[in-house]
Amino acid sequence: MKDSDILILEEPHLSLGDQFYLPQVLKGLGTTMKHMLKVLGGTDRVIQYPEERREDMPVEDGGMLLQTYRGVHRLNKDEEGRPKCVACFMCSTACPARCIHIEAAESPWDDREKYPQKFDIDELRCIYCGMCEEACPCDAIELTHEYDIVGLTRQEMIFDKAKLLKIYDETVKDEPM
Amino acid sequence: MPPEPLTATFYHLPPPKSFRTVCTLRTLVKSGTIPAIIPNLMPKITVDGKLVEAKDRQMILQACLDGNINLPYYCYHPGLSIVASCRICLVEVEGIPKLVPSCQTPVRDGMVVHTRGTKVIANQKQVMEYLLVNHPLDCPVCDQAGECFLQDYSYQFGRSQSRFEEDKAKKPKKDVGKNIVLYNDRCIMCTRCVRFTREVSGQCELYVDGRGHREEIDVFPGRPLDNQLSGNVADLCPVGALLDKDFLFKQRVWLLKQVPSISPVDAGGENIFLEQNEGVVWRVKPRYNPDVNTWWISDDTRYSYKVIQSKSRLTQAMRTQYGAQVETSYGKAIDDAVVGLKAATTESGAGSLYALLSPMMACEEAYLLAKAIRAIDPNALLVSGPAPTTGEDQVFKHYMTHKETFRIKAEKVPNAAGIRRVLGLLGGPTATWDEFTTATRDDIKNLKAGWIVGNYLSSWLPANLPAPLKKGFRVLQDILPSDFAGKADILLPSSCWAETDGTWENHAGKIQPYAAAVPVPEGVLRAGDVYYTMLNRPGLYNAQAIRQEMGKMFTSVQLPSDKEAAPAFDFVEL
Ligand code: SF4
Ligand code: SF4
Ligand code: SF4
Ligand code: FES
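Heads up: the sequence lines are chains E and X, in that order. First residue of the first sequence: 1, per the numbering used here; consecutive thereafter. First residue of the second sequence: 1001, per the numbering used here; consecutive thereafter.
Read the hints as simulated data drawn from the structure, not as lab findings. Computed from a predicted structure; not experimentally measured. Hints may be right or wrong, so weigh each one.
[Unchecked claim] Derived lysine-lysine pairs resembling DSS-like cross-links, with alpha carbons at most 30 Å apart:
(1) E:77 x X:1171
(2) X:1311 x E:84
(3) X:1257 x X:1178
(4) E:118 x X:1285
(5) X:1311 x E:118
(6) E:118 x X:1174
(7) X:1173 x E:118
(8) E:161 x X:1250
(9) E:118 x X:1245
(10) X:1257 x X:1245
(11) E:173 x X:1170
(12) X:1250 x E:163
(13) X:1250 x E:77
(14) E:77 x X:1170
(15) E:77 x X:1173
(16) X:1168 x E:84
(17) X:1178 x E:118
(18) E:118 x X:1306
[As the list claims (entries may be wrong)] A few chain X residues facing chain E, derived, Cβ under 10 Å:
(19) 1138
(20) 1139
(21) 1142
(22) 1254
(23) 1280
(24) 1535
(25) 1539
[Claimed, not checked] So, partial list: chain X residues that the calculated Cβ filter (under 8 Å) puts toward chain E:
(26) 1137
(27) 1140
(28) 1159
(29) 1249
(30) 1540
Glycine included, each C-beta is placed from N, C-alpha and C at the ideal position.
Bound-form chain E, shown alone (with noise of 0.2 Å):
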């Protein structure tokens, strides 16, 4: 490390009116009276989630068409019930986000060169883009339609390859795009 490398960053200068502390909520309480008014009104909607989804809605009434849809990750598997991933990171290559984390091994299959002993998916860094699965030269890696997923630490949301393969068996009969 050099003197350059260091950065010496100051805190953010505030103005009078930010050390004010009333009128910042005020305008805060503004956005939701007019959102408030908005729905009374007719012009917004609440969809009541998780028992109301916007795939079950129509499109013109503010659903979504799934068959586009980027979701989590899945890996998919052959006919062996192997994973079809051949561990040539291709995908953390492209990634732009750097959330796919591949440990190479050697393969116990005799057909196979190589494997992925670890493949972990940061799906909280995740940008779901699709890039990886653009770059994947074996068709290994999907993004599904699943959106809903939920964890409780930031740990839970790095979907380790169990999870993936998981997500394939339950995705499985489903089209990703």
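Position chain X with the ligands against the provided structure of chain E, taking the given hints into account.
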């Protein structure tokens, strides 16, 4: 039937006597022993309309490469003999009816060469097509992908589609030696590896088995590729056929960033690149230096990076309290060390301190430590650390001419000469390691406290500690645990060469800089920064500034240019 061992030499009978005489004459002329009858010319040739200045008897290919003209080549390697077997480098020379191999055709003044004519391009396409007939196209799982000549030339000179519809021949993968694995079906039979084991490592382990489409690289039964230079065959293989087992499947090469460095394993000062990704060094590659290691490095150098990531690295500063070591913060440990050293000086007067300067330290670090110790005790003794040797240099010879091709130095530390130079520069009381351990000199007997630097890649102190190290207040800076580390009064975990900038002087007096490749492990402060703290210098350790300060003999040292430090492979612009 398995091939007889060493049949390979029969293919290379010694050249006839008369030819040898010519060769000897040439050597004598070159060395200046006898005057040249033909004056050395600087021939100029025209390549695609561009004037290129070549050297006398240079081949067209090398002249073009030196002149920044891109020509494809597989079998040619500047460090090996020329066989002209791959035929991808063929070019058109005006006045010669057929295409000629540029790697084997010497330049002549006024020669006109065309490298992008229809005939040349047609040849390149055909050669590429033939090479790919049985090629598995494993690129996604092939470790060479990203630095593969076949990929690059396919893109630049080949065709995008294959016309081959039949099944490809499958050849098994082979274990050829301790460090190297051979994927036979990726081999393009350039024989660089075979020539290397004959002409550089000189032990002829690899040979070509079979002919035509049955041709394969192989080793003789019971004679695996096992010598100190074996790792180089993976570097010089232009494709992913010979791969390093240690690096196999670990990373993709395009993720690695190269940092110029120097080998820490011996006094030879081999130039290397440390290749790191996300703060982890994954492999070591040779860096071309015609004066030191040429294109090659030893296997010890190649695998020396492991110590950087070693699980056993020291990362916790310790201090001894009532006879037992307890954990402490790094800053407090430095303060305690200075207080302890000062106390010893005030108690016993000048000349009671010593600094053991390890030959694993950079010259700059040694200089700073010596300054810091002499600031406390102006008469402090400077001792140069032990420089273990293995007895004799390991010499590699050409298998036929027996000319020396590579030498691995017996002295197993990188900077013994540099430490001597720093001691000479600073003057004052100094001692060698032998004088220090025998402790017959009065000033050595009177030592009360000292600062000891280890940083060796393996254990370095004898089981029975030398007398001066057994007593007094001892501050130890080291990277690996040892008995002595458990006894030191203050233990400061230190940085190793890959984590800091510095310079080392090799056995031949060549002063070579290296750059930091990775950050220090958590809990460790770079040695340079420790000395900066002791000397109350502002800012961070800056090797270049220290070199300036050390005077003329170090200021001429420059880091390799950015171009040299850039990755060896070019990314294809999309
Ligand atoms: S691109 Fe496909 S095959 Fe390659 S590592 Fe990613 S998922 Fe595996
Ligand atoms: S040798 Fe080169 S072309 Fe062949 S599989 Fe490996 S990277 Fe691809
Ligand atoms: S193994 Fe590599 S270096 Fe040896 S002949 Fe084959 S392609 Fe050339
Ligand atoms: S490089 Fe010239 S023939 Fe191979």
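Earlier hints that do not hold, by number: 2, 11, 23, 24, 26 and 28
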